[in-house]
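> Chains A, B and C are the protein sequences, given in the same order.
Counting with the numbering used here, you get residues 53 to 124 for the letters of the first sequence.
Counting with the numbering used here, you get residues 474 to 623 for the letters of the second sequence.
Counting with the numbering used here, you get residues 1068 to 1297 for the letters of the third sequence.
In short, the hints are calculated from the structure, not lab data.
Among the hints, erroneous ones may be present.
Here are some of the chain C residues that sit facing chain A, going by a computed Cβ distance under 10 Å [unchecked claim]: (1) Tyr-1214; (2) Thr-1218; (3) Met-1238; (4) Gly-1242; (5) Val-1249; (6) Ile-1277; (7) Gln-1278; (8) Val-1281; (9) Phe-1284.
Note that the Cβ used here is the ideal one computed from N, Cα and C, for glycine as well.
One letter stands for each residue in the lines below.
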Amino acid sequence: MLLAIGAGIAALSGIGAGIGIGIATSKACDAIARQPEATGKIRSTLLIGAALAEATAVYGFVIALLIIILLG
Amino acid sequence: MLNIDFWNIAFLIINIIILYLLMKKFLVKPVMGVIAKRQELIDSKMNEALMTQEEADSKKAEYEEKLVNAHSEAKEIIETARTQAQAEKKEILDGARLESEQIKEKAKQEIQIEREKAQHEVEAEVTQLAMIAARKILKAGGVNDTDSNK
Amino acid sequence: MDEFVEELMAQLNCETVFTIPIFGGIKIYESIVVTWIIMAILVLISILVTRNLKVENPGKGQLLLESCVEGIYNFFLDILGNKGKRYIPYLITVALYIGLSNMIGIFGFKPPTKDINVTIALALMSIVLIEASGIKQRGVKGWLKSYKEPTALITPINIMEVFIRPLSLCMRLFGNILGAFVIMELIKLLIPVGLPVVFSLYFDFFDGLIQAYVFVFLTSLFMSEKIEEE
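Whenever a hint applies, use it, and build me the whole structure from the sequences.
Following this line, the structure appears as structure tokens:
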């Protein structure tokens, strides 16, 4: 039971990644609206940024998995 | 999934190094080599084209110069012909004028001579007539001094 | 549900394919065998596509191949600059390897990147290459000095970075692929027909390629940091 709670808490790191990617995407939308000719560059930068931000959520996921598998 | 094993990591590293060597040999080198070769080819062709262009340009300039020369030559020829013609014309005109002057002079002289001749003739005639008249008067016998003095 | 968990765990577990009977038995995991398969596929494909390359009048296929390879090459060249030219083939290899291993789940193999040993190996190679490029570019002294930049106060953080960077590289790749795999299994359990295709498109193709891209991009970025700094 405690294990499941711990894993759930670890998975909460997804919140941060979600907020981060949301902010990044909104800024990218702004940037594209302002400068439609730079769309390609903005998109690739956004993808990298999203992948990096997503890593945080992935770390949480890995930790949760480790808790369940190694301790369970 | 999570059991870390030294040998597996080592094997994987060896595998990736082998893969790197193979990919370098079979993918990157041939493709980049072909691209480099094509670039070389394009460069050489470009140089050739540039050289040909230059040559053509120089030839064109040469021909243009020649053309200009020909133009000026033609102009010169026309000019000389014109001046010559002008000179000839002038000469001819002068000659004609001179001739006409001469003819005029001659005609004048002739007229003078003619006139003189005519005068002489008239004079002679007048004297003759006078003589005749005088003779007639003499013949008539009546001599009028006042008349003869006039 | 228990059955599903059992199956999921079995799927997640990397099986030992065979054991080499030296040093008390070296276990060869499935990921190594799949790596061999990937190597064979990559080498065969590259031999096939580069079979008759022509300098003049290239065909459509050759043009496509050339623009692909040149595009990837120029992408790395932009990041690394001329000094890092010699590392580009390695980065291309790793990108192709990770990309194909992320996608190979479609063909019924277990993606090797789902095995933490593979990502550890890749991250180790990356960090060794990053530091080696720094040493090669500036000599040992300059390389050691680079840890004191911008101030000596930061040195511990710089040293920590040496361990954190490969760890984050390794965990990012591993976690992404594992997460995608678990989610795919869950979707397959819920709706076995139709829907998994759409999600497979995202998780296997898009996410797999993005992760390969991010991995080599970050590696080359760290490397350029080591090479370029004066």
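> Looking back at the hints listed earlier, which ones does the structure fail to meet?
Of the numbered hints, 1, 2 do not hold.
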